[in-house]
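Construct the complete structure from the given sequences, taking the supplied hints into account.
In case you want the letters, here they are:
Number of protein chains: 2
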Amino acid sequence: MAKTGPFEQLQTILAPEMAAVNDLIRTRMVSEHAPRIPQVTAHLVEAGGKRLRPMLTLAAAKMCGYSGTQHICLATAVEFIHTATLLHDDVVDESDQRRGRPTANLLWDNKSSVLVGDYLFSRSFQLMVETGNLRVLDILANASAVIAEGEVLQLSVAQDLATTEATYLQVVRGKTAALFAAALEVGGVISDADEAHVTALRDYGDALGISFQIVDDLLDYGGASAALGKNTGDDFRERKLTLPVILAVAKADKTERDFWVRVIEKGRQTDGDLDHAMELMGKHDSLAITKEKALDWAETAKAALKPLPESALKTLLADLADYVVSRIA
Amino acid sequence: MAKTGPFEQLQTILAPEMAAVNDLIRTRMVSEHAPRIPQVTAHLVEAGGKRLRPMLTLAAAKMCGYSGTQHICLATAVEFIHTATLLHDDVVDESDQRRGRPTANLLWDNKSSVLVGDYLFSRSFQLMVETGNLRVLDILANASAVIAEGEVLQLSVAQDLATTEATYLQVVRGKTAALFAAALEVGGVISDADEAHVTALRDYGDALGISFQIVDDLLDYGGASAALGKNTGDDFRERKLTLPVILAVAKADKTERDFWVRVIEKGRQTDGDLDHAMELMGKHDSLAITKEKALDWAETAKAALKPLPESALKTLLADLADYVVSRIA
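First to last, the protein sequences are chains A and B. At position 140 of the first sequence the residue is numbered 140 (my numbering), and the sequence of numbers has no breaks. At position 32 of the second sequence the residue is numbered 361 (my numbering), and the sequence of numbers has no breaks.
No false leads were slipped in.
Label-pair ranges, simulated between beta-carbon atoms:
1) A:Ala250 with B:Thr341: 52 to 60 Å
2) A:Asp109 with B:Pro364: 25 to 33 Å
3) B:Asp521 with A:Thr315: 44 to 52 Å
4) B:Glu494 with A:Arg262: 56 to 64 Å
5) B:Arg591 with A:Gln11: 53 to 61 Å
6) B:Gly394 with A:Val30: 37 to 45 Å
7) B:Thr356 with A:Arg262: 40 to 48 Å
8) A:Asp192 with B:Asp438: 42 to 50 Å
A few chain B residues facing chain A, derived, Cβ under 10 Å:
9) His362
10) Ile366
11) Val369
12) Ala477
13) Glu478
Pulled a few chain A residues facing chain B out of the computed Cβ check, cut under 7 Å:
14) His33
15) Val91
16) Lys111
17) Phe125
18) Leu137
19) Ala141
20) Ser144
21) Ala148
22) Glu151
23) Leu155
Derived by calculation from the structure, the hints in this document are not laboratory data. A virtual CB, placed ideally from N, CA and C, is assigned to each residue, including glycine.
So this is what it looks like as structure tokens:
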């Protein structure tokens, strides 16, 4: 991405606040009695995550003219929830790599990932409680429940070819969009922004999160150009029903359906199956249609910003929606 | 236990409130979108747990003359935190049995246990937020963090013969006593009880929890009489450094130390090792001393109640401390 893309511009504008968030992350992830906690957390927190979600909280607060210090607490809480989710996800997915590095469950064990995730989750609630703002607590507690619900739903429908696009959207709204939406909403709430502006921020976050996840799922099949790289095909091997597959399954004839039953439902995959899956997705335009849907959600995100007054930050958030989908352009 | 023991008397006195808690547990554990959640939860929640922790919240509130409805929410929140902890513990311990039934991780999978635990944990925070009481939120968020810290500490010192009694106490305070203490404290807080009474309730819970866990750890070696049953020896096989072993290791001569290094640190256990461990614990009075310490903590619990005005419930809580250790009498 260009050095002057919206993400870098947000990083520059929010640099002092992000520095404060990074300090608070480091202060709060320590544990006096259990030194393994900061080790596990540091592995993940320092691993060069983009800190996109806390940045959204900071951007929302700044846009709404917030002048206090609670946005730092809340942005940190949001990042802790995200990190806890990643730790638990890696246990659930039995992953061994994240962001090109070995996962915590591989370096330590599943036990540490589960318990350190729980610790960070509790720490995030402590940070929210410190704001003394019950509405913010309500929003983030709800988001946490919706995230877990989305993850369980994903697990329940895994390997189930009957999964519809509607169910996929529900999973994505839970596991990804709920935290994006809450991250932005709380930024507006602590600023005592107009309700219409708070709603706009939440709706923008929801659509941005959906777009973000669809792009992620599309990139797992090499993007719309279907250029398979070394990190592609993970979802296929894990037999996940993401949008590209759901769309192809919906248009499958009898022979194609038998193929999907074998590789996804029964999990009997052999060499060449991923290539054949790609062919079927090409034949039915699944990747192109998935791309269109990601672009549509980016447009929905931009449209949601309309009620907010014009500002440099508003423009950057709109550009961010375009940037998120630019990875599949 | 006798039909008229303190636990049954508490159950009788608090029956209407416990019925309300059970209703709320059932209402709040459902999930519209992820039907696996109530399945997994019901398996555990309906499995005949004693509901000791929520009962402590209800007892504390009633003792302090509370007349609202928040104690129902908080008792449910406390039970959800406990259930979430059990789900995650079973993943961590790789258990296949709890309360004589197969664990959720065996019936479903580790993934479901992790994610449904997360869901219940979020639901517990939603319940706390509903009380609108920030002090209660603070107490329970802190307790949750301390629980996770205690569990990680336990993991870090597992199989480490250098574990001291002080470290053991820290683990026990975290993984068990923190929730007992918080369960009682919040009952006092919502009742606007005198600070001295709130402190008394918390201190009682802390000591009761420690006593409870020491008894549990002692029973794993058959109690002070060392009568091994079919459920004993689990901690030994899992190479956990609980008090009976810590005390025996502290007094070990060279040969005995080599034994402990082999079976606990290196985990090379063979037939007869548990019997030999029991002999060593007998030789050094480890089980008898562990029993004394459990009794001491029960006395500490009873003494902590002193500032509270005399009442039938206060007497029952004191009796409950005796009852907890009566299992090893």
